[in-house]
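Enquirer: Sequences listed follow chains G and A, in order. Under the working numbering, think of the first position of the first sequence as 1, with each following residue one higher. Under the working numbering, think of the first position of the second sequence as 297, with each following residue one higher.
One should not assume that every hint holds.
Claimed, not checked - Below, a list of computed lysine-lysine pairs in the PhoX-like style, where the Cα atoms sit at most 25 Å apart:
1) K175/G - K89/G
2) K42/G - K329/A
3) K329/A - K7/G
4) K7/G - K42/G
5) K405/A - K329/A
6) K457/A - K405/A
Keep in mind that the hints were calculated from the coordinates and are not lab data.
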Amino acid sequence: MYPSRFKYETPSTVEEAIGLLHDGGTDAKILAGGQSLIPMMKLRFAAPGTIVDINNIPGLDYMRTESDGTFRVGALVRHVDLERATELKDSQPTIAAAAHLVADPIVRTRGTFVGSLCHADPQGDWASCMVALDGSVVAQGPKGRRTIGVDEFVKGPFTTVLAPDELAVEALVPKAQGVRSGGYLKLERRIGDFATAGVAVAIERNGDVVSRAGIGLTGVGSRTINAEEAAAAVVGQPLTAETIERAGYLAAAISDPRSDHRGSADYKRHIVATFVTRLLTSMQPTREQSTEERVA
Amino acid sequence: MTSLFEEVAPSEDDNIPVRRVEVRLNGERRAAKVEPRLLLAHLIRQGFQLTGTHTGCDTTNCGACTVLFDGEPVKSCTMLAVQADGHEVTTVEGLATASELHPIQEGFKDEHGLQCGFCTPGMMLAAKALLDHNPNPTEDDVRWALSGNLCRCTGYQNIVKAVLWAADKLRDANGGAAEGGDE
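Construct all of the structure, not just a fragment, from the sequences and the given hints.
Expert: The following block contains the structure:
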């Protein structure tokens, strides 16, 4: 299968890329990892007139935690870079847990974190993680940069608020206000298949008390779901069996899955409740830990 | 040949954009003029006539078209040929030397790691990428590394054995337990 004919551009700076997007109007598309765009072009679901390949722009493959605690991921960071970054296990546990579950190991060598957010597939793992972490996308256009919360960034299935001449240059996760825990669980029939359901959880704690919580749901609606009420159910108190069960119930309730060959809607809701419960339960401090924290 | 065949009127101005792409293919410098929409898999197969790289699903699922791109495994049906410009590409033809099979190839032969053979080139390159990163993989590591490559014949058992066989052989060749991996 061949894509339709297109003009191929290889800018060497972000500004040049934005200029090319501007000139191309709505007909230009950014190529980063290409692991979603190229398949869509081959199937002719997408037929952009201009491809702006940003792979030759130096300086976009960074991932770092700033001195103010903000974690930044540049537009050319591949899934595999996050998978190999073992230090993320402590600082960004939700992202570390999802990194080896995105697509399959070979797709992960090319596909990018920011590209996955821009693709806005309701099946995308990263958007759920970023919703749970209250993360943002930084978009750069002819008039400068703006930072957009991921929940607002994703407008609907495969649709974002990016203007045609804006390039998503990086994604960022804000500093945790307490001790961060997190995780990601995904049910898939085989590796690389779309998720039957996926759940991202991120919490921050002061002592035993949960000061902030976020829950993002993958593949159980026409867009990434921000399960705000479910997250709110565990905030302001220590994690208990009751608050955890309530969060699971509320996350399942806000899910809007379709029955298909991967399972019935009821089954998928059940998976969501199970995953939320399982993840939050794993984050309950053990008795020793909570004593230690109190002593400290 | 560089792109899809398209007959044009004799008088029509030739407007099709063509770009030069130069790759180091299995260690050898090769260059071509291609349409940007030509896929890397097709550059390798139809362009450079190296037909060991197979196109299976053509939808980024099966991994039969896996090649190494600067040492990392990629699905060559999901990259544009022009993206390979200035990069290194290794296909299954780059594994063996003129006189000797690569230990991974030997492993597939010795452990019967194939039946129809269609997925095998992709499997072997995914395995090479694994062993380059991790010379001492567990069975789980091997299954994990090959989870982006589908085989519809073998049930994977002998493929996994073949890769573990190759890992052993490569370790032996590199000085036995020097890495501290063996008991």
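Enquirer: Which numbered hints are broken by the structure, listed smallest first?
Expert: Violated hint (a single one): 5; every other hint is consistent with the structure.
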